Amino acid sequence: MKKINIYKDFILFFTFPVILIILYFINPSQLFVTGNQTSFIAILISCVTFEFFIRKAKNGENFYMRPIPAMQAMEEAVGRATEMGSSVLFVPGISGLDEIDTISGVIILGHVAGMVAEYEADLHVPCCVPIVMEAAKESCKEAYLKKGRPDLYNDSKIHYVTDDQFAYAAGVNGIMLREKPAAVFYQGKFYAESLLLAETGSSVGAIQIAGTGSSSQIPFFVTSCDYVLIGEEFYAASAYLSGSPEMIGSIKGQDYVKLLCMVLIGFVVLVSFFNFLNITQLDISSFFKINISN
Amino acid sequence: MFIKRQLAIVVMISMGFLALAGQFINSDNLREFTDKDAPQWYMIIAAFAAFLGCINLLQLHSTKVIRRKKDWQYSIFTLVGFLLMIFFGFLYNGSTVGLGPHLKNEFSAFYWMYNYVYLPLSSTMFALLAFFVASASYRAFRIRNFEATLLLISGVLLMLGRVPIGALIPWWTVIIIYVSILFALFASKIKNKQVFFYSYFGANIFILILGFLLGWHVNLPSFLSIPLIQEWIMAVPATAGSRAIMIGIALGVVAQSFRIITGRERSILGD
Amino acid sequence: MSYNFDIIGVWSLVIMTLSILSYLYGDNPFYKAAEHIFVGVSAGYIFAITWWDQVWPNLFGRLFPDYVKAGFEFDGLYIIPLILGLFMLFRLIPSLSWLARISIGYIVGMAAGLKIYVFVNSNILMQIKNSSINFDGSIWSILNQFLVLIGVISGLVYFFFSKEHKGTIGKISKIGIYFLMIKFGASFGFAVMGRISLLIGRFEDLIKYSSEQFYFATPIIFIIMIVVLFIWSTQNDNKEKTN
Amino acid sequence: MRNFLIKLGTIDRKFIFVLIALAVLIPLLYPNLIELPIKVDKNTKIVFNSISELKSGDKVLLSFAYGASTKPEVHPMAIALLKHLFAKDIKVYIVSLWPESPIMANQAIKEIIDTKLFNLEEGVDYALFDYKTGGFIVIKGIAENFREVYKQDHNGNLIEDLTIMDDIYSVSDFDFVFDFSAGVPGNAEWVQYACDPKKIPLSSGCTSIMVTDAIPYIESGQLKGILAGMPGAAEYEKMVYDLLQQQLNKNSNLNKDAVLTKGKALARMSAQSVSHLLMVIFIVLGNVSYYFSRKNN
Chain X
1 MKKINIYKDF ILFFTFPVIL IILYFINPSQ LFVTGNQTSF IAILISCVTF EFFIRKAKNG
61 ENFYMRPIPA MQAMEEAVGR ATEMGSSVLF VPGISGLDEI DTISGVIILG HVAGMVAEYE
121 ADLHVPCCVP IVMEAAKESC KEAYLKKGRP DLYNDSKIHY VTDDQFAYAA GVNGIMLREK
181 PAAVFYQGKF YAESLLLAET GSSVGAIQIA GTGSSSQIPF FVTSCDYVLI GEEFYAASAY
241 LSGSPEMIGS IKGQDYVKLL CMVLIGFVVL VSFFNFLNIT QLDISSFFKI NISN
Chain E
1001 MFIKRQLAIV VMISMGFLAL AGQFINSDNL REFTDKDAPQ WYMIIAAFAA FLGCINLLQL
1061 HSTKVIRRKK DWQYSIFTLV GFLLMIFFGF LYNGSTVGLG PHLKNEFSAF YWMYNYVYLP
1121 LSSTMFALLA FFVASASYRA FRIRNFEATL LLISGVLLML GRVPIGALIP WWTVIIIYVS
1181 ILFALFASKI KNKQVFFYSY FGANIFILIL GFLLGWHVNL PSFLSIPLIQ EWIMAVPATA
1241 GSRAIMIGIA LGVVAQSFRI ITGRERSILG D
Chain L
2001 MSYNFDIIGV WSLVIMTLSI LSYLYGDNPF YKAAEHIFVG VSAGYIFAIT WWDQVWPNLF
2061 GRLFPDYVKA GFEFDGLYII PLILGLFMLF RLIPSLSWLA RISIGYIVGM AAGLKIYVFV
2121 NSNILMQIKN SSINFDGSIW SILNQFLVLI GVISGLVYFF FSKEHKGTIG KISKIGIYFL
2181 MIKFGASFGF AVMGRISLLI GRFEDLIKYS SEQFYFATPI IFIIMIVVLF IWSTQNDNKE
2241 KTN
Chain W
3001 MRNFLIKLGT IDRKFIFVLI ALAVLIPLLY PNLIELPIKV DKNTKIVFNS ISELKSGDKV
3061 LLSFAYGAST KPEVHPMAIA LLKHLFAKDI KVYIVSLWPE SPIMANQAIK EIIDTKLFNL
3121 EEGVDYALFD YKTGGFIVIK GIAENFREVY KQDHNGNLIE DLTIMDDIYS VSDFDFVFDF
3181 SAGVPGNAEW VQYACDPKKI PLSSGCTSIM VTDAIPYIES GQLKGILAGM PGAAEYEKMV
3241 YDLLQQQLNK NSNLNKDAVL TKGKALARMS AQSVSHLLMV IFIVLGNVSY YFSRKNN
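Residue numbers (the numbering used here), protein chains in the order written: chain X, 1 to 294; chain E, 1001 to 1271; chain L, 2001 to 2243; chain W, 3001 to 3297.
Everything labelled a hint here was simulated from the structure, so no lab data went into it. A couple of the hints might just be wrong.
[Unchecked claim] Derived contacts from chain W toward chain E, CB cut-off under 7 angstroms, selection only:
| hint | residue |
| --- | --- |
| 1 | ILE3016 |
| 2 | LYS3039 |
| 3 | VAL3040 |
| 4 | GLY3057 |
| 5 | ILE3137 |
| 6 | PRO3201 |
| 7 | SER3273 |
| 8 | HIS3276 |
| 9 | PHE3282 |
| 10 | ASN3287 |
None of the values given here were measured: they were computed from a predicted structure. All C-beta atoms, glycine included, are put in the ideal place defined by N, C-alpha and C.
The shape of chain X in the complex, shown without the other chains (with noise of 0.2 angstroms):
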């Protein structure tokens, strides 16, 4: 492991981050908002955070990941796919581009291309937002690109159905039933019509594989799908598949913060306990001000 000069790292890591949070307390001519000291302490702890795991990664570390099932089977599944020799749908959710969720959906679709590339499967894309086409269209070609088969990419696979919630469903209902597909990933943002279009695709018998961050929709993949990631596992999924150093450290770091985060909790706790015995006054609420006073 090669030696991170430790010098400019403690620069990078501590005394930056401390400029920072004191100009921003000193507020040189009302400079910064007031108010949200601890959104922006919350911030930038967890940015230097991940920024310091994946300085750490690229410097060759290398981190275990705990194997999630739903990644391992995506491979699978384009595989079994090719086998049978029907396609594979990718339904990338039905919100728009300004969503975590749908962007999170299209780097996984970017990687999902790529196997299908290899396997020689064809892959069957339709869209609800029209900018959502774009950019599935624009991933999808880099990635046969990278896999050298760049002839094997059909633009029309990928193709605009409906801006229509329920009238999506209906489309991709229609497609499922009359192409048969052997493998359905659900990755992206979903509503009410997740169990509409989970529902078909198991009565259909293809392997679906859903991830999601909409939290009221995880019971309706998890009851009908075979693998689900679920809210955070959607998240690293993109990172996960990517492989890339950058990408595990920066999980690592969002390991690190949420044991910060469960700190907390314990600490918040544990001040709710001294404030019931009275050895303290600390009011929890007036530390997590986060109402922009202006």
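Since chain X is already given, all that's left is putting chains E, L and W on it; use the hints.
What follows is chains E, L and W alone, placed relative to chain X:
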């Protein structure tokens, strides 16, 4: 070729920092930009992209009709439906109100199509979920392992707790439910079948008698009324689960946004 | 003669409703037709609504305020979304299609920047604040709050990626997945209620439109569909037998 | 007997669909077949009490964010709340955050006027505003500066000439905000972007699927109770019905000859109960057959 590849990434990174800084920097027009203009701009760009969507739709269905591909006759329905809505939306008004607000005016042809074609299709597709919820719960709520059992128990208790019938379920049935859940959990541990069944019935009868003695049938303790159990499930385990998932999702979003803003996640721009 | 427009409308409503419900029987011509009509009509509907509610008032309302009179003053800055929007249209010209990447870059960057602040505030900091326990309640309420605390902590442990889920961490994450499963069961149970009420709404319409005033729309269409489906399925079966 | 039970585990989907259809259809055709008592949920009570605490002349902002497909669940709540607010002579402001919501709002107001319980005048007792796209942007705009988002009401007359709008500049000028939602933007966005930062009491009536996500907000008091799906609507309807019944008897400002009708949600509850019971029976059958089939192999 810097322009073709990197410019978009530079725009992405700078916009990301601008939007994030907008929340902290105290300049009014930056704040006004991130709060009002920036999301509006997204809406406008997305609206322009809608042209591409419609062109793609027309292309797809017209090639299907021209080349007589499978089910081409149905594509005629799509084309006619789409062109009719564009015609009623932009050219033929049919109501006294000017073009634009006529979309919501009850006498315009557009509103007729909305009310008698789009609306029934949309709400009936949504209503299909009532059937699929039933078939999904029938298929998925099986006691395969401990987790699936928890899924089943909370699902069923919630279903019953939410409707008036739930309140009518008598206290002794609730005791039997409790005892059977307990025994379902330990079923795998007790190998001998007889012992299992006898102890199961014994436990049931014993607790029923105990309940009778303690007068549970008179004043119903809270843990024996299904609606109150349902309220407890919602208030404690479901809240814990929702909060854990909410924090998890928020961390996932923050990490993914960080990767995008620092330009490490570029594959969305085809790189 | 707006009178018969309503009757035609009611009949079309019943036809559409029953054709979508025929999907429960399986894929059939009625469902295929209704699906394709729905795709076409909804695409046109959304396109018109987007133009008249979004592009016309917000963009052109700001660029040509006196012509559009949407109540906005002139705002030259809105040239930029116009340009970025046109960049999207350049996707149709292969040589210029890379310009669309700039618009996508703008949108993705903006979304990432805005979401960080909102999610850190409302979903992380607020939830951490709410997990404080107030001890003045009854023993039951304190016990419940501790149970919630255990659920949150073990739920978060389940989402750990970089630690092997073995030993104590494995047990805690097991407890975490139990809490998550109870939450999923609860959401499922809760949703059943909402879905059934949608079906109630549809059946109420069908019942309403089977009265004499609407020329018994529902029963007549229902019988026609049953007959046609029966003929179609028998025809379909012997067609399958032949080839 | 055993393989009959196992066969129970693999009933074809179509059979389940037919049973569900009957379970919903029969109680609708013969509503008084099953009369069930309504037990009021604690969250519905919180909503009723927080609205009852409002004084006459207060200003309440209603946000309509549901469409026709979720109308059966949310619309009865809107009707019941409007009756409750007008009975207390409270000023109502209605904004729409979904394309179809203006139509829902118009139908709700029309239904209230048809009951002839109150004599209402647009621009004095209530004001309606047109649909604005943008979801949370509109909520953020209303929180910061109402007049920047809405220049005119849905009939086109400017805000300045509406007497009801006199001292309304942002969400802080309302005494209560009530959100009717079926998705996004919904109660979560109202908490995050408007009522939490500006500390305005907020409550919500939404489809039952959204309730599980709103529970953390209810527990922390950011949402003053909630009307959860159809049962919430039925319970609230019953409470408002009893309140109006009382007010009609003693000489309140309601006109006497008005006819007081029971809400729709009440009648639909029997169809809900039967179908829920049927679903629980399916699950039990499924498990019994699963148990026997696992014992076989």
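Task: Interface hint compliance - GLY3057 (chain W) to chain E, C-beta minimum distance less than 7 angstroms - done: violated (31 angstroms)
TODO: Under 7 angstroms, Cβ to Cβ, is where VAL3040 (chain W) needs to be relative to chain E, so tell me if that hint holds or is violated.
DONE: violated (10 angstroms)
TODO: Would you check whether HIS3276 (chain W) satisfies its interface hint, that is, whether its CB is within less than 7 angstroms of any CB in chain E?
DONE: OK, holds: HIS3276 (chain W) within 7 angstroms of chain E, min 5 angstroms.
Open item on the list: Does the closest beta carbon of chain E sit nearer than 7 angstroms to the beta carbon of LYS3039 (chain W)?
Closed with: holds (5 angstroms)
TODO: Could you check if SER3273 (chain W) really has its C-beta closer than 7 angstroms to a C-beta on chain E?
DONE: Given a least distance of 4 angstroms, the restraint on SER3273 (chain W) holds.
Task: Restraint check, 7 angstroms cut-off on beta carbons, for ILE3016 (chain W) near chain E - done: Cβ of ILE3016 (chain W) sits 5 angstroms from chain E, so the hint holds.
- [ ] Using 7 angstroms as the Cβ threshold, decide whether PRO3201 (chain W) counts as touching chain E.
- [x] Nearest chain E Cβ about 21 angstroms off; hint violated.
- [ ] For the hint on PHE3282 (chain W), just tell me whether its beta-carbon gets within less than 7 angstroms of chain E.
- [x] Since the shortest Cβ distance to chain E is 4 angstroms, the answer is holds.
Task: ILE3137 (chain W) as an interface hint toward chain E, with CB separation required under 7 angstroms - done: holds (4 angstroms)
Open item on the list: Given a cut of 7 angstroms on the nearest C-beta pair, is the interface hint for ASN3287 (chain W) held or broken against chain E?
Closed with: holds (6 angstroms)
Violation of the numbered hints given earlier is confined to hints 3, 4 and 6; the remaining hints are satisfied by the structure.
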